[in-house]
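Peer 1: Can you make the complete structure from the sequences, with help from the hints?
Under mature numbering (1 follows the signal peptide of the UniProt record, and there is no 0), read the sequence shown as residues -18 to -1, 1 to 1029, first letter to last.
FYI, nobody ran anything at the bench for these hints, they're computed from the structure. Some clues are possibly wrong.
For each label pair, taking beta carbons as the anchor points, the in silico distance ranges come out as [stated by the list, open to error]:
id: 1; residue 1: A398; residue 2: P307; range: 14 to 24 Å
id: 2; residue 1: E775; residue 2: D711; range: 38 to 48 Å
id: 3; residue 1: D711; residue 2: P777; range: 39 to 49 Å
id: 4; residue 1: D711; residue 2: N380; range: 53 to 63 Å
id: 5; residue 1: P307; residue 2: P346; range: 18 to 28 Å
id: 6; residue 1: P777; residue 2: E712; range: 46 to 56 Å
id: 7; residue 1: N236; residue 2: E771; range: 35 to 45 Å
In this text the structure is predicted, and so the values were computed from the model without any measurement. We put the CB at the ideal spot given by N, CA and C, even for glycine.
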Amino acid sequence: MSAVRRIVLFSCLVSAGAVPILDGQGKNYAISVAKLGELFNYDEELVDMLESFADELEERVLVLNNYVEQMRERLDQAEVEGQEKYLSNPVNAVNLMRHMHADWHNWVLYLEQQESALAHAAKISAMQAQLPSARDLREANVAIQRLQETYNLTGSDIAVGLLQGKQYNASLTPLDCYAMAQYYLKQKSYELAAPWLKATLKLYLSNSTQWDLYKELGLPITEVSALLADVQLRLEQPEVAIKIIEAGLDKWPNDSALVIAYNKLLRKLRILPKPPPTADNKSQFPVKPLPEKKSPALTVLQRCCSTECRRDARLFCLYDTDASPFLRLAPFKKEMLSQDPYVVLYYDVLYTQEMSELRQLAQPSLERAVTYNESLDIHSEDTARTTKGYWLESNSNNLTERIDQRIKDMTNFNLAESEPFQIMNYGIGGHYEKHFDFFNSTDVVSGDRLVTMLFYLSGVEQGGATIFTELELSIYPVPGAVLMWYNLNPCNGTGDRRTKHAACPTLVGSRWEMWFAKQLFACAALCSALVWATPEPELEPDPELEPDPPGYATSVVAMRRLLALDSELLQQLEDYAEDLQEKVNVMRLHIEEMRKKQAAAKPNREQYLSNPVNSYSLIRHMHEDWTRWRMLMEQPMGTDQIAKIRSLLPQLPTEDDFDDALSGILRLQRTYGGSVRNYSEGVLAGVPYDVKFGPLECLEIGQYAFDEQHDTLARQWLSVSLEAYSKLDEMERNIYKALNYDLTYVFRLYADAAWTIGHAEESLIAINAALHYEPDDIYLKAAQSGLVEHLKENPPGEKTPKAAEESYNYSTWCHPDFRRPTRLHCRYSSDNAPFLLLAPLKLEQLSLDPPIVLYHDVLHNKELVQLQELATPLLIPTETADGVDGHQMTRIDVRSTQGTWLPRDISPIIGSIERRVEYMTNFSMTNADSSQVMNYGIGGHYFEHADYFNDASLVRARKGWGNRIATIIFYLSDVEHGGATVFTKLGIAQQPQKGAALFWHNLNNQGQNDPRTWHTACPVLKGSKWIMSNWIMEAEQMFRKPCPARK
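Peer 2: Below you can see the structure in the form of structure tokens.
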């Protein structure tokens, strides 16, 4: 939730809102599932403190214990399922992000209400620097949006953990839904905001026991009703708006906001003002059905990310035994995905233990992806990719040396000058926009990236496919597999634009991948019968630059840290509950809720947070709720617990982290479709998950949608938030009251969203509902009067049609119906190295021209684990190279992921993988870029891009490496839904396939950039998407790059 809220209905609707929010630079919780898990540690500590505090607060002890218990159950569930698996579900991930971002701040505020809680609140304040920032929350909002757009998800589905038809054990709170509704309302996306507002109301009303808790956490439920009514008005549904506010007035007859909204709605309908309706006295208006809308044509990215893309049945799989003599003894399984450009997937390249070691190696150092702006000579965050990564030199340890050798066996390349491996972990909706891997310029030393090898270090439950948009080829992460492709055209060494590819947003799952690129000397460019393939240039970050704070929402792995933070914070809440008896009921309920989430995340925090519902909820909770608890604790009692909470707050997601998570949810919804209700209930891509969004999550999503001017979505999410809140029992509502879930504010925001989209009647209903809670609120009364007058002057039927909101191309490319061509084939590849005669690679041809292939079983499970373990500690927000000198890294909003560069010297596995790449591609990896491992967060994605460099000066500046002649993406994990790599111009989508490698040429036969290789990463709907990208440079390919057949 951003610090500044957009309220556009009437000035009387402007409210102080929820809770004090930490601003400042985000910690990038939302862009890496692996990093997000760290928040659970803080949250566990805070919940423990809250539970202790509840014991001493006589009138609130039950609420506190319930809260701690719920949070512990969430953490326990994460441990049982495995953190990465748990967080790979966007519902779980968003829940965690919202909870960690918002709840702990709200708990701090709540605890500070009594003098005895001052010390406890001080502890929470001390921890605020660790909590998600406003930027984290915004990134989470964007991630949710990316998932919605890519996988056509609805806010209501996300709120309940329903992602693409699969129900997860994850859900958002009304606060979470309200945050998403506010996000869409800010963007005036009213159709998207409405389901989130409805989810807010539904979740709120369904749990009356948590009403007080939501109120304490700043959920203005009557405002949600008013906002929902306003959104309905903007959607030209005044009758629905009236019914919403009348329903609110039934529950809260004295709420001033609802009364004002009601009167304004009546005036707009030219009906005389009358008293609030009762059971025997209600205004009756016929409900006008919403106009039937035609579904827009799906883009290549949406179709490919949603598994519609299929490989050409004419291609084949084979055992690759040609690249090296060793392969005759142990051939690689290679699947030919595309012959021109050349894209293959090697299966079982990395062992499970190796993948685990790589993840463990990278996780401590994961940093957000950055882009280098050559003209400004600066590094900035890469917004085209929501992931964190870590660079790993191929000869850094025995593991990387083994991988380096495997790459040589696969490709027969000299890897001496190859780029380091980059291990990446994707966060909420983690994605990588369409890009090329080649540089599109000439480097006199190392040349361009000839070949890219993407090692999949994990599978992704949903989403996270690598898609070649030009080829319409989707490759889903296969743990242990290596996706390899040529980035460059064989004749002139230029980038093959057909290799444009992307990483589909990770819907559910923690996507780990290790990226590797082999460079080709510009002077060595020969012709080849293959067409080569290219993202925006990924360069190794300048070590002298101070790294930006990690982004939780952009990487599933990054979110795992939130689980530990949450556990630590929960512990502080438990301790604090023993000091203040009068607040125990509210805090107990929140403790129970947090315990449940902690229990759910405990088995595998990364898996738990890979669900955008969980990760988003965690960021919002950690960003806001603990402030409320600190307020409660900063009373005379519980000074130690509050001080502990304050000490942990700095580690929690920031506003930016939370925004990353919210963005991921909206991205998923707009990509993959689905109703807001399905999202709120954990139904993702039609798959129901045992996870839901609570009223808080739906509220935050709705607020974020409103702030981003997605008013329709905001209205929907706010509605879901209100609905969820309505189902809470009294004890649960006490928890939400402590967490500052203010029904009046939710109704106000809903009224504003409804008003923005032309639903004055619905806005009046929401205002009237808000007036039930605040009957003496002069601002609500003024808004009510204004709405009634407006309805009198503008009766129903005299509406101005609203322009349809722009839909991302993700919604087409990443749609589940997007299929790869069925005319290609699979075979065993044994041509590139003698070793492949013994161990041929399984090659699946995804495209002949440009050649895109998928190598199956390239990485073994051990290798996938090792790559992820190597990358996890090193994950940072990913950046994209830009400019002319090739050094400046810039973070741009087109990618939500965290990654890291893995140099060869970090582990022998990097060298082994590089050898494998050489076997697969017959290219030298000497000057290839370091492998880049990335993990996608909530709705993690990467917009359409090419891997080759477009600027010739950039290629020249890269020490003679030349352009990226080819790209290979190793899928380090599977992705359950979403996350496909889509070649948008080719209509090829590849879902991440654990252990497989997607390979394509970035340059065409003349060595020119091949625009057909533009590709994108669809938002990850469900799963933790891990990939490892390698870009093969032009340098050192003189004797490796054969000439094409002459016509």
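Peer 1: Hints first: check each against the structure and report whether it holds.
Peer 2: Status of each hint after checking the structure:
Checked against the hint of 14 to 24 Å, the C-beta distance between A398 and P307 comes to roughly 20 Å, which is consistent with it. Hint check: E775 to D711, Cβ distance near 42 Å, so the stated range 38 to 48 Å holds. The hint said 39 to 49 Å for the Cβ distance between D711 and P777, and at roughly 41 Å that hint holds. Between D711 and N380 the beta carbon distance is about 57 Å. The supplied range of 53 to 63 Å therefore holds.
Checked against the hint of 18 to 28 Å, the C-beta distance between P307 and P346 comes to roughly 38 Å, which is inconsistent with it. In this structure the supplied range 46 to 56 Å is violated for P777 paired with E712, their Cβ-Cβ distance being about 41 Å. For N236 and E771, the Cβ-Cβ distance of about 22 Å falls outside the hinted range of 35 to 45 Å, so the restraint is violated.
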